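Enquirer: Throw the hints in and build the complete structure from the sequences for me.
Taken in sequence, the protein lines are chains A and B. FYI, this note's numbering numbers position 90 of the first sequence as 90, with every residue one higher than the one before it. This note's numbering runs 1000 ahead of the 1-based position in the second sequence.
Hints in this document: simulated from the structure, not taken from any laboratory. Since the model is a prediction, treat every value here as computed from it, not as a measurement. One thing to keep in mind: the hints can contain errors.
[To be verified] List time: in silico BS3-like cross-link candidates among lysine-lysine, alpha-carbon distance up to 30 Å: (1) K1084(B) <-> K1101(B); (2) K57(A) <-> K1093(B); (3) K1101(B) <-> K57(A); (4) K1084(B) <-> K1098(B).
Single-letter residue listing:
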Amino acid sequence: MTLRQPPRFAGRLLKRLVPAQDHDALLGDLCEEYQRGRTTAWYCTQVLAAIVVGSWKHLRANPLVTARAVITGLIAQVFLLAAFPVLVNVLTGAGFTWGGRWIGLPWYWHSPYASSLVIVMQVIYIAGDVTIGWLIVRLHRGHGIAIVLVYCCALGVLRTYGLLQLAKATGWQPHFSTLLYRFAIGQIREWLLVIAGGYLATRPAKTA
Amino acid sequence: MVGASSLGTTDLTILLVLMRLGDEAYGVTIAREIEETTRRPVALASVYATLDRLVERGFAISQLGEPTAERGGRAKKFFRITGKGVREVRAAKQSLVKLWKDLPQLG
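Expert: Encoded structure:
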């Protein structure tokens, strides 16, 4: 009898994203069912469910680690925001202040300055978000990707709260619908970058 | 929570399935039995999450079997209900029966 090979990446992903638990029995059961004619889609759905269930279980069992991870992410976010104008000025070559004097840099992108600014800002945003995700997982190795997801949720809640406060303070303005759309797109992009950074910091599974 | 017992519905269902399956209870057979009884698809991960909780609370024990090629060289993890588990199921049943008695329209 020829044995069918279940998708290896799914097992590897489960072990990589939820490393604190032993998944051998579960993966063995999934493999057994796969041999009996279950589809690849069924197998992947079961692994996805295992990632969600395993992550949730792990977070509930480690509330302090989860809180620490969220705080780590928020502190890193504050540092990024504080360093942002300095980074932009240095990377575009505009310069920086030293001892009360403005010091220009030789790599100033003279023409057109606006496009260099946009490129540099995007690079800082992308690198910053990926670094935050990487840092959270790197400082909490063994806890998988779930803590990054909690940080993403916390960030989403804080940002939404800020937006609601703005709407409350200024009243509903016609441009708010555009702002809301841009906010949603920006938030999703940020989540994906933070998750990507977190994924980079997870250790590859040795066996699937 | 079911009456005086500390078991949730899923916990109780899985303990009953463990009693029905006896020595043949492992992830696949447990999930299949639940699917056949409830006619709803079950995620194996949820079954294992509940089983782990029952083992932690001392209502069930687990034991590894032999690895097989069909399972990609991985061993089966067999589960068995403990005496404490049986007592908990009995308590849950008594609580439910009492509730049933007060509702004659359910028969």
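Enquirer: Please go over all the hints and tell whether each is borne out by the structure.
Expert: Hint-by-hint comparison with the structure:
1. For the proposed pair K1084(B) and K1101(B), the alpha carbon gap of about 26 Å is at most 30 Å, so the pair holds.
2. The suggested pairing of K57(A) with K1093(B) holds, with an alpha-carbon distance near 28 Å, which does not exceed 30 Å.
3. Between K1101(B) and K57(A), the direct Cα distance comes to roughly 37 Å. Violation of the 30 Å bound is thereby established for this hinted pair.
4. A threshold of 30 Å between alpha carbons decides the hint, and for K1084(B) with K1098(B) the separation of about 21 Å falls inside it, so the pair holds.
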